[in-house]
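Got chain V sorted already, so can you dock chain U onto it with the hints?
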Amino acid sequence: EAEVAQSPRYKITEKSQAVAFWCDPISGHATLYWYRQILGQGPELLVQFQDESVVDDSQLPKDRFSAERLKGVDSTLKIQPAELGDSAMYLCASSSSKIRGYYEQYFGPGTRLTVT
Amino acid sequence: DAKTTQPTSMDCAEGRAANLPCNHSTISGNEYVYWYRQIHSQGPQYIIHGLKNNETNEMASLIITEDRKSSTLILPHATLRDTAVYYCIVRVPSNTGKLIFGQGTTLQVKP
Chain V
4 EAEVAQSPRY KITEKSQAVA FWCDPISGHA TLYWYRQILG QGPELLVQFQ
54 DESVVDDSQL PKDRFSAERL KGVDSTLKIQ PAELGDSAMY LCASSSSKIR
104 GYYEQYFGPG TRLTVT
Chain U
542 DAKTTQPTSM DCAEGRAANL PCNHSTISGN EYVYWYRQIH SQGPQYIIHG
592 LKNNETNEMA SLIITEDRKS STLILPHATL RDTAVYYCIV RVPSNTGKLI
642 FGQGTTLQVK P
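One line per chain: the protein sequences are V and U, in this order.
Under this note's numbering, residues 4 to 119 are what the first sequence spells out, in order.
Under this note's numbering, residues 542 to 652 are what the second sequence spells out, in order.
Only chain V is shown next, with the shape it has when bound in the complex:
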């Protein structure tokens, strides 16, 4: 069964450093999402792509976060500089299949970021 791939699975970085996460969605999925999940809370959308275009980045802290999906396939999420409050799980999801009007989202395993 096809899966969403993410790397690295774990990342420890010092505050003020730059960090990047990579996501490879399920082949053929046009929509890609990045979510952030703080410990004990549900995931929250950071940015959504439709092919290579940003559809929703209203919750992305644009002063330090950036995301790109240059060829409409894989995607990179970057944080520069990292802050202590950025410690969280970063989840990537993709969707394309339409099931009775619903676009099911498939999630990757996530990247656990710890900022020290």
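One should not assume that every hint holds.
EDC-like mimics (lysine to aspartate or glutamate), calculated; alpha carbons at most 20 Å apart, straight line [to be verified]:
1. V:74 to V:89
2. U:544 to V:47
3. U:610 to U:555
4. U:593 to V:107
5. U:651 to U:623
6. V:18 to V:66
A few chain V residues facing chain U, derived, Cβ under 7 Å [stated by the list, open to error]:
7. 5
8. 46
9. 48
10. 84
11. 87
12. 88
13. 91
14. 107
15. 110
The hints are simulated quantities; they were obtained by calculation from the structure and are not laboratory data.
Just so we're clear, the structure is a prediction, and the values are computed from it rather than from any experiment.
Each residue gets a CB set at the ideal place from its N, CA and C atoms; glycine is no exception.
Okay, now just chain U, sitting in the frame of chain V:
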């Protein structure tokens, strides 16, 4: 999207049915009810969704009340691997729609 209310935690004996409730009293006519679950250290996983009719798949059953103000996710024979956080989400289906997760219900299946 309508707001949902779920119990914080529930226990269930292995092999018994797990019934997870969700209140969504402000749901509108075109909003669906979706359930996802998240096993520890993994990404969320889609379980099931429905509009007004009861739904069943290989993972679970979804019972939606006639007034659509509440629903129940049923895992007919819970196993230890079903221990997870279960999220009830109400939204209009679209290919641009984000999922808005609440706190969910932590289900602990006990041997």
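These are the hints, each one checked on the structure:
The straight-line distance between the Cα atoms of residue 74 of chain V and residue 89 of chain V is roughly 27 Å, outside the 20 Å bound, and the hint therefore fails. The hinted pair formed by residue 544 of chain U and residue 47 of chain V meets the criterion: a straight-line CA distance of about 15 Å does not exceed 20 Å. This hinted pair does not check out: residue 610 of chain U and residue 555 of chain U have alpha carbons roughly 29 Å apart, beyond 20 Å. Pair hint residue 593 of chain U plus residue 107 of chain V holds up; C-alpha atoms about 18 Å apart against a cutoff of 20 Å.
Only pairs whose Cα atoms come within 20 Å are accepted, and residue 651 of chain U paired with residue 623 of chain U is accepted, the gap being roughly 10 Å. Taking the CA atoms of residue 18 of chain V and residue 66 of chain V, the gap is near 15 Å; set against the 20 Å cutoff, the hint holds. The beta carbon of residue 5 of chain V comes no nearer than 14 Å to any beta carbon in chain U, farther than 7 Å, and the hint placing it at the interface is violated. Annotation: residue 46 of chain V was flagged as interfacial toward chain U, and the flag holds, the nearest CB pair being 5 Å apart, inside 7 Å.
The criterion of a C-beta within 7 Å of any C-beta in chain U is met by residue 48 of chain V, whose closest approach is roughly 4 Å, and the hint holds. Interface restraint check: residue 84 of chain V against chain U, minimum CB-CB distance 26 Å, threshold 7 Å, status violated. Using the Cβ-Cβ criterion of 7 Å, the hint placing residue 87 of chain V at the interface with chain U is not satisfied: the shortest such distance is roughly 22 Å. The interface hint given for residue 88 of chain V is violated, since its Cβ lies 19 Å from the closest Cβ of chain U, which is over the 7 Å cut-off.
Hint status for residue 91 of chain V relative to chain U: violated, with the closest Cβ pair at about 13 Å, above 7 Å. Using the Cβ-Cβ criterion of 7 Å, the hint placing residue 107 of chain V at the interface with chain U is satisfied: the shortest such distance is roughly 5 Å. About 3 Å separates the beta-carbon of residue 110 of chain V from the nearest beta-carbon of chain U, less than 7 Å, and the hint is met.
When each numbered hint is compared with the structure, violations occur for hints 1, 3, 7, 10, 11, 12, 13.
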